[in-house]
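Heads up: the sequence lines are chains A and B, in that order.
When we follow my numbering, the leftmost residue of the first sequence carries the number 2, and every step to the right adds one.
When we follow my numbering, the leftmost residue of the second sequence carries the number 2, and every step to the right adds one.
If a hint is listed, it holds; no wrong ones were tucked in.
According to the in silico footprint, chain A covers these stretches of chain B (three or more CB under 8 Å from chain A): (1) 158-170; (2) 216-230.
Dumping the calculated EDC-like pairs for lysine to aspartate or glutamate here, alpha-carbon to alpha-carbon at most 20 Å: (3) K549/A <-> E159/A; (4) K205/A <-> E258/A; (5) K467/A <-> D117/B; (6) K467/A <-> D171/B; (7) K205/A <-> E324/A; (8) K197/B <-> E162/B; (9) K253/B <-> E226/B; (10) K467/A <-> E173/B; (11) K415/A <-> E249/A; (12) K467/A <-> E162/B; (13) K368/A <-> D114/B; (14) K467/A <-> E141/B; (15) K368/A <-> E458/A; (16) K90/B <-> E226/B; (17) K253/B <-> D273/B; (18) K508/A <-> E546/A; (19) K508/A <-> E324/A; (20) K549/A <-> D88/A; (21) K467/A <-> D114/B; (22) K415/A <-> E247/A; (23) K508/A <-> E327/A; (24) K549/A <-> E327/A; (25) K415/A <-> E215/A; (26) K75/B <-> D117/B.
Simulated from the structure, these hints should not be mistaken for lab results.
It should be emphasised that the depicted structure is a prediction, and the values quoted were computed from it without experimental measurement.
Don't be surprised by glycine CBs; every beta carbon is placed ideally from N, CA and C.
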Amino acid sequence: MSPTTTTEASAERKLARRRGAGQRRTSLFAHGEPLVWLTGGALALAVVMILGLLLLVLRQGLPTFWPSEVVQVSTVAGGVHAGEVADVDVYRPEAHVLDALPEAVAARARASLAERDGLSERRMLRTGNYELTGTHYTWVSDFELAEETRPEWILVVERLENGRFYGTPRSIAVQGTTTEGDAQLVWDQFERHHDAARERWQVKRELETVEIGEVNRLIEAARLELREVELAHGVDSEPWRAAQRELEQRTHSAEAEFQRLRREIDALTEAGRGSTLTLVSADGASTTLALEEIVRAYPANRLSTAERIGVYLSRLAEFLFDEPREANSEGGVFPAMFGTVLMTLIMAVLVVPFGVLAALYLREYAKPGAVVSAVRIAINNLAGVPSIVFGVFGLGFFCYIVGANVDELLFSAKLPTPTYGKGGLMWASLTLALLTLPVVIVPTEEALSAVPRSMREGSFACGATKWQTIWRIVLPRALPGIMTGMILALARGAGEVAPLMLVGAVKLAPELPLDTHWPFLHPERSFMHLGFHIYDLGFQSQNSEAAKPMVYTTTLLLIGIVVALNVLAIWIRARLRRRFQGSQL
Amino acid sequence: MIAQSRALALERATLAPGHSEPHARVPMTTANPLSGRVFEAIGRNQPFTPETHAALASEELVLEIERFDLWYGKSRALHAISMAVPRGKVTAMIGPSGCGKSTLLRSVNRMNDLIDSVRIAGEMRLNGDPIYAPGQDVIELRKRIGMVFQKPNPFPMSIFENVIYPLRIDGERDKHVLAGVCESSLRGAGLWDEVKDRLNDSALRLSGGQQQRLCIARAISAEPEVLLLDEPCSALDPIATGRIEDLIEELKGNYSILMVTHNMQQAARTSDYTAFMYLGRLVEYGPTDDIFLQPHLKETEDYISGRFG
Ligand SMILES: Nc1ncnc2c1ncn2[C@@H]1O[C@H](COP(=O)(O)OP(=O)(O)OP(=O)(O)O)[C@@H](O)[C@H]1O
Ligand SMILES: [Mg+2]
Numbered sequence: 002m003s004p005t006t007t008t009e010a011s012a013e014r015k016l017a018r019r020r021g022a023g024q025r026r027t028s029l030f031a032h033g034e035p036l037v038w039l040t041g042g043a044l045a046l047a048v049v050m051i052l053g054l055l056l057l058v059l060r061q062g063l064p065t066f067w068p069s070e071v072v073q074v075s076t077v078a079g080g081v082h083a084g085e086v087a088d089v090d091v092y093r094p095e096a097h098v099l100d101a102l103p104e105a106v107a108a109r110a111r112a113s114l115a116e117r118d119g120l121s122e123r124r125m126l127r128t129g130n131y132e133l134t135g136t137h138y139t140w141v142s143d144f145e146l147a148e149e150t151r152p153e154w155i156l157v158v159e160r161l162e163n164g165r166f167y168g169t170p171r172s173i174a175v176q177g178t179t180t181e182g183d184a185q186l187v188w189d190q191f192e193r194h195h196d197a198a199r200e201r202w203q204v205k206r207e208l209e210t211v212e213i214g215e216v217n218r219l220i221e222a223a224r225l226e227l228r229e230v231e232l233a234h235g236v237d238s239e240p241w242r243a244a245q246r247e248l249e250q251r252t253h254s255a256e257a258e259f260q261r262l263r264r265e266i267d268a269l270t271e272a273g274r275g276s277t278l279t280l281v282s283a284d285g286a287s288t289t290l291a292l293e294e295i296v297r298a299y300p301a302n303r304l305s306t307a308e309r310i311g312v313y314l315s316r317l318a319e320f321l322f323d324e325p326r327e328a329n330s331e332g333g334v335f336p337a338m339f340g341t342v343l344m345t346l347i348m349a350v351l352v353v354p355f356g357v358l359a360a361l362y363l364r365e366y367a368k369p370g371a372v373v374s375a376v377r378i379a380i381n382n383l384a385g386v387p388s389i390v391f392g393v394f395g396l397g398f399f400c401y402i403v404g405a406n407v408d409e410l411l412f413s414a415k416l417p418t419p420t421y422g423k424g425g426l427m428w429a430s431l432t433l434a435l436l437t438l439p440v441v442i443v444p445t446e447e448a449l450s451a452v453p454r455s456m457r458e459g460s461f462a463c464g465a466t467k468w469q470t471i472w473r474i475v476l477p478r479a480l481p482g483i484m485t486g487m488i489l490a491l492a493r494g495a496g497e498v499a500p501l502m503l504v505g506a507v508k509l510a511p512e513l514p515l516d517t518h519w520p521f522l523h524p525e526r527s528f529m530h531l532g533f534h535i536y537d538l539g540f541q542s543q544n545s546e547a548a549k550p551m552v553y554t555t556t557l558l559l560i561g562i563v564v565a566l567n568v569l570a571i572w573i574r575a576r577l578r579r580r581f582q583g584s585q586l
Numbered sequence: 002m003i004a005q006s007r008a009l010a011l012e013r014a015t016l017a018p019g020h021s022e023p024h025a026r027v028p029m030t031t032a033n034p035l036s037g038r039v040f041e042a043i044g045r046n047q048p049f050t051p052e053t054h055a056a057l058a059s060e061e062l063v064l065e066i067e068r069f070d071l072w073y074g075k076s077r078a079l080h081a082i083s084m085a086v087p088r089g090k091v092t093a094m095i096g097p098s099g100c101g102k103s104t105l106l107r108s109v110n111r112m113n114d115l116i117d118s119v120r121i122a123g124e125m126r127l128n129g130d131p132i133y134a135p136g137q138d139v140i141e142l143r144k145r146i147g148m149v150f151q152k153p154n155p156f157p158m159s160i161f162e163n164v165i166y167p168l169r170i171d172g173e174r175d176k177h178v179l180a181g182v183c184e185s186s187l188r189g190a191g192l193w194d195e196v197k198d199r200l201n202d203s204a205l206r207l208s209g210g211q212q213q214r215l216c217i218a219r220a221i222s223a224e225p226e227v228l229l230l231d232e233p234c235s236a237l238d239p240i241a242t243g244r245i246e247d248l249i250e251e252l253k254g255n256y257s258i259l260m261v262t263h264n265m266q267q268a269a270r271t272s273d274y275t276a277f278m279y280l281g282r283l284v285e286y287g288p289t290d291d292i293f294l295q296p297h298l299k300e301t302e303d304y305i306s307g308r309f310g
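Chain B with its partners taken away, still in its complex shape (with noise of 0.2 Å):
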C-alpha cells in the first residue's frame, strides 16, 4: 500500500516539470519558515537548522552523529552534521552530486583517515561507542562496520577468500567456521545458488552484479553493527540492480543499513528514512514516507521532483 502510494507521488512529481502550469501545484507543508530560502540561507553561509522530522525520536539508534564537520585541506566538505541512524532500518541519503554523501559515509568507519588532509571536529558513536575518541582502534572499529563501494572491489582471490576475508585477516583457522560463514554470507547476499559450485573460482570471474553482491557478502560476514552501501547500484544494469534492491529489502531488520543512491526510485522503493543533503549540510531528514510525499521544505520537494538545479 504505502510502496504504491509513494510510487504514485514520485510520478506525479517527476511529472510535474512537464506540466504546463506548475505554480499549480500548492507546497504540502511549510511549516519551516525558512522553506524556499534554505539554499539562499546556505550560500549566504548562514546557520541554519536542518528539519528533522519528529518521527526519528522514537527510533532506537545504532549510529549518532553529532555536529560533524570534514575538511579536505582549506575546502570543507562537511558543515555541522547531526544525524541519528535508527537500528534494523534503511537509510538513505540523496543530494546532488559533490554534496557529501560520500564523505559523510566514509567519515563512519574511518576510510578518510586513509587521505592525509583530512580534518574533522564532532563526534560519532556507534552503539553508543565514540568513533572518533583518542584511544579507538580504528582496526576493531572498522570490523564492526561492513562497506560496500559504488564499483564491485572483489579481490585477485577466489570467491570463497573474497567472502571469509575479514574473518581470515581476523585470524580464523577452524575450516568449518569459515565454511559456514561462506554459505551463510553468500545466501544472504542472495548468491549461493549461482557460484556454490565455483567457490575456488576467482572471484574477478564473476559478473558485475554477482560481483556486487560477492561485495556484499564480504561486508556482512563479520556481522557488522552497521551496513554502509555508496550507490551500491550505479556500476549495474536494472536487473542486478532490482536483486541489489530486494538484498537490501531482506537484510532489513538484521542489518542497520545506511546507504547513498542518486536513484529517487531506489530510495523511496527501498528505505525506511531518507536524509536529503545539500553542499555539505544535512537539508531535511525524515521518515521516507513523508520527505517522498509531504516534504517540510520546498527544495526537498524540488530536489525529488527533480525541478532543480
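So here's chain A without its partners, still in its complex pose (with noise of 0.2 Å):
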C-alpha cells in the first residue's frame, strides 16, 4: 500500500465517523435536559409551598368577616340551638352517646351510621349567648337533628362583653319609650337609634381614656417634682415646701376637673340606661342589652349580598383601625400593627449604619487574615442562633443592665417604677437589629467586594483618600447590595415573635409608644405587635375557636405588611440601580 492510500483510508474513516456522529443523537445528559428539568423542578417544588401556605392563609383569613347564614336547629333531645355554622367534620359517635337517645331515634341513627361505616357528619355552630349557655360553640350531629330553619328575623349581635349574640328582638326601649311586638318595627327602631347610642359611648370613653388620663398626668408630674426636689434638696427644704405647695394646688384643682368630668361621664352613663334591646334566643330565654354595647348587629338571613359585603368591609375596618375588645379576640388590631411596622422601621434605622460600619471595616479596613475570618464566621453563625438567645441577652443587657442605669441616672425621680429598666419599643427594636445584623453584614460585604477594583484604582489615582473612595465611589455603587440587606433584615424583623415576648411586645398596651405628647416617640413604652398578637391569639385565648379565625386574618395582615415593607425597598432600589446601571464594558 503506497502511503497515499493509507492517508486517503484514515480520511473516509474519518468522514464515515463524522457521520455516524451525525446520525446518533448527542447524549440527552450533554444537551443539559435533565437538568433543565431537575433544576425546574426544585424551584416548582418551592413555588408549590409558597403558594400552598399563602392559599391556606388567604383561604382561611378571608372569609373571617364575611357574615354567613344562622341556621336554627332543634335536636331530638329537644334542644334548640340557633347559630352561624363554623366548622364541618366527619366523626365515629361513642355508643354511649345514642343510648341516651330515645329508643326510636336512637334505631333510626344506627341505622343510618351503619350505612356510614359508623360515621356521622357534625357541625359546629357559633351560638354565642354565653351568659345564657357558658359555651360559644355547639357541636350538632346529623343523626340527632330534629329541624332546620333560617329564622327571618334573627339577629347576629356583636357586643362589648361574652361575645356575640344570637336572638329575635322582641321589643327596644329608647330613652324610655318602648317599641313591642313585630320585628321589622324593632328593627327599623335599632337602626334609627344604634349610632347615636354609640357615638355617646365613644364621648364616654374618650372623657374616660383621654381626658381623666390627661389630669392624671398633671398631678403625676408635680408629684415627680417634688420628689426630683426631694431628691435634690431633702425633705422640708424651702424649695421642696414650695414644690409640696404645687402639688396640693395642683391635685386640688384636678380634683374639681375630676368632679366636673365624672358628672359628665355619669349623664351619658344615665343617658344611655334608658336605651335597650330585648332579644329572645332560639330556646326562648330573653335578654336585655343595652343599646351603647353592642357594636354591631344585622338580621343574617335578610341580607342581600350587597348588605352581606357591606358589613364584611365595616369589619375589615374596624379589624384595620380599631382597638381589640374581648382580651383581643374581637375588634381591631391597629395597636399591634402599628406596633410593628414602628418597631421594624426603627429596627432598620438602627441596623443598617451599624450592619454597613461594620461591613465596611470588615472588607475595607481589616487586614485579611486569621481574625477576620474568625469574626466573619462568628458573624454568620450569630443568624443560626436562636432568636429566643436574643430575647434572653435583650432582657439581661439591654432592660436590666442599660436601662436600669438610664432610669438611675435620667429617671430617677420615678423609681422604683421602671422607665427604661424594663422591655420596651427601644430594647425591642434594638434587640431585633442585633439578631438581623448578619443578614445586612453579609450581603453588605458581598455587594462591597463586587465594586470593581478598577473603580477603586481610578478614584485612588486622582488623589482620592481611602475614605473618600469609599464614600464617593464604593458605598453608591454597593447601595443596591445593601438595600437586599435591608430588605432582608426586615422581613427577618417583623416576623420575629420570641425575642419580643421577653423584651417588651404585650398582650395590651394602654398606649401607643407615638402620640401627641412631648417627646411624641416614647422609646420607653411596652407595644403591640402583629406577631405576638398572633401567638396569644392562637395559644392563650379563653375563647380559642373564636379567635382561630383571627389568627389567619391577623397573620395575612402580618404578611402584607412585610411584602409592602418590602415592595417599597424594592423599588427604592429599582431606582437606585437605574441610576447606576449602563452598558457593561
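Dock chain one against chain two, each of which comes alone in its own frame, and use the hints as you go.
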C-alpha cells in the first residue's frame, strides 16, 4: 500500500465517523435537558409550597369577616340552637351517645350510621349567648337533628362583652319609650337610634381615657417634680415646701376637674341606661342588652349580597383601624399593626448603618487574616443562634443593665417604677437589630467586594483618600446590595416573635408608643406586635375557637405588611440600580 | 515626512520574518558591543547598562527615574530602571507581556502602595520633587499625576461628576469653576460635542471608546504635570483607537505623556520617545525614529519587527 492510499483510507474513516456521529444523537445529558428538569422541578416545588402556605392563610383568613347565614336547629333531645356554622367534620359517635337517645331515634340513627360505616357528620355552630349557655360553640350531629330552619328575623349581635348574641328582637326601649312586638318595627327603631347610642359611648370612653388621663398626667408631673426636689434638696427644705404646695394646688384643681368629668360621664351613662334592646334566644330565654354596648347587629338571614359586603367591609375597617376588645379575640389590631411597623422601621434605622459600618471595616480596613475570617464566621453563625437567646440577652443586657442605669441617671424620681429598666420599644428594636445584623452584614460585604478594583484604583489615581473613595465610589455602587440586606432584615425582623415576648411586646398596651405628647415618640413604652398578637390569639385565648379565624386574618395582615415594606424597599433599590446601570464593558 | 518613513520601516520590519532570506538584512547599527547578547546577559543576571540615546540629554525633564527596583514579595519585577521622561513629549513603553511596564507606570503615582507585598528601592522625581521621599504626601502627589487605565473605569455617577471628580475631592464647590473645567476637559478629550447635551446621564451608559475618552478627560481635569496611560486603547476597536491616538497627538505639548502600548504602529505613530523593556530591565531608550529605523541593539530591532520570542 502506498502512503497516498493510507492517508486516503484514514480520511475516509474519519468521514465515516463524522457521518456516524451525525446519525447518533448527542446524549441527553450533554444537552442538559435532565438538568433543566431537575432545576425547574426544584423551583416548582418551592413555589408550590409557598403558594400552598399562602392559599391556606388566604382561605382561612379572608372569610373571617363574612356574615354567613344563621341556622336554627332543634335536636331530638329537645335542644334548640341558633348560630353560624363554623366548622364541619366527620366523626365516629360513641355507643353511649346513641344509648342516651330515645329508642326510636336511636334505632334510626344506628341505621343511618351503619350505612356510613359508623361515621356521622357534625357541624359546629357558633351559638354565642355565653351568659346564658356558658359556651360559645355547640356541636350538632346530623343523626340527632330534628328540624333545621333559617328564621327570618334572627339577629347577630356583636357586643363589647360575652361574645356574640343570636336572637330575635322582641322590644326596644329608647330613652324610656318602648317599641314592642313586630320585629320589623323593632329593627327599624334600632337602626335609627343605634348610631347615636354608640356615639355617646365613644364620647364617654374618650372622657374616661383621654381627659382623665390628661388630669392624671398633670398630677403625676407635679408629684415627680416634688420627688425630684426632694432628691435634690431633701425633705422640708424651702424648695420642697414650694413643690409640695404646688402639688397640693394641682391636686386640688385636678379634683375639681375630676368632679366635672365624672358628672359628664355619669350624665352620659344615665342617658344610655334607658336605651336597650331585648332579644329572645332560640330556646326562648330573653335578654336585654344596652344599646351602647352593641358594636354591630344585623339580621343575618335577610341580608342581600351588597349588605353582606357592607358588613364585611365594616368588620374589616374595624379590624384595621380599631383597638382590640374581648381579650384581643374581637375588634381591631391597629395598635399591634402600628407597633409592628414602628418597631421594624426603628430596627432598620438602627441595623443598617451599624451593619454597613461593620461590613466596611471588615472588607475595607481590616487586614485579611485569621482574625478577620474568625470574625466573619462568628457573624455568619450569629444568624443561626435561636432568636429567643437574643431575647434573653436583650432582657438581661438592655433592660436590666443599660435600662436600669438610664433610669438611675435620668429617671431617678420615678424609681422604683422602671422607665427604661423594663421591656420597651427601644430595647425590642435594638434586640432585633442585633438579631438581623448578620443579615445586613453579609450582603453588604458581598456588595462591597463586588465593586470593581478598577473603580477604586481610578479614584485613588485621582488623588482621593481611602474614605473619599469609599464614600463617593464604593458605597453608592454597593447601595443596591446594602438595600438587599435591608430588605432581608425587614422581612426577618417583622416576622420575629420569640425575643419580643421578653423585651417589650405585650398583650395589651394602654398607649401607642407614638402620640401627641412631648417627645411624641416614647421608646420606653411597651407595645403590641402582630406576631405576638397571633401567638396570644392562638394559644392564650379562652375563646380559642372564635380566635382561630382571627389568627389567620392577623397572619395575613402581617404577611401583607412585610410584603408592603419589602416592595417599598425593592422599589427604592430598583430606582438606585437604574441610576448606576449602563452598558457594561 | 517622518511619519511616512517610520511607517515604511515598520512595514519592512513586519514583513521581514516572512522573507525567504532573513540573514540578508544587515543590522543598521551595532554600536553597543552587547548587541545580540543582551537577553543572554539578562538571562544570566549580569549587570547591564541600558542603551539610552544621546538625544535625550538635550530634553527638559518632567520625570526622572533613577536606579529604581521593585519587588512583589520575593520576586523582583523591576531591575535598576533609570529613565528620564521629557516634558511636553509623548514617551512610549514597549516590551513583551509581563516585562514590568505597568509596574513601572504604577510606581510613578505610587499606586503600588496599595499592594502590601511591594517593596521598592531607588528614586523617582517629579519636576524635581522626590516621589518616594519619606514625608511625601501620596494624596497630593497623585493629584499632580493623571492616570488612564487599560480598561475604561468610569465611576457610577453622571458624566459631569466623573469629569470633575478630582476637583470634588479637593473640595471645589464653585459651580462656574466646575462647569468650566468640565467643558474644557471634555473638549480636551474630544468628547464635548458627543455628550454636551447629556452631562447628567450616567457615565456607564457611554460606549467603550467614549468611556475611555471620559477617563482621559477626568485625568486631565486636574491639570496634571504628567499623564500616565496604560494601554489606553487595548479594549477599543480601531476607530475608537484612532480617535484616542489623535487625542494623544493633540495633548502633546500641553501635557507630558508616558504611555504603555503593545501596538508597534501606535508607538510609532504617536510617540516622540520609545523605551523598550525586557524582563524588568530597560533595554533601549531613545527617539522613536531612531528606535524604529536604526535601533542600537539587535534585540530591539527583533522585537519591533516581530522576530522575537
Ligand atoms: N500584584 C502583583 N503581585 C505579584 N506580582 C505581580 C503583581 N502585578 C504584577 N506582578 C508581576 O510583575 C511582573 C510585571 O507585571 P506587569 O503587570 O508590570 O507587566 P506588563 O509589562 O504590564 O505586562 P502586560 O503587557 O501584559 O500588561 C509580572 O511578572 C507579574 O506577574
Ligand atoms: Mg500591563
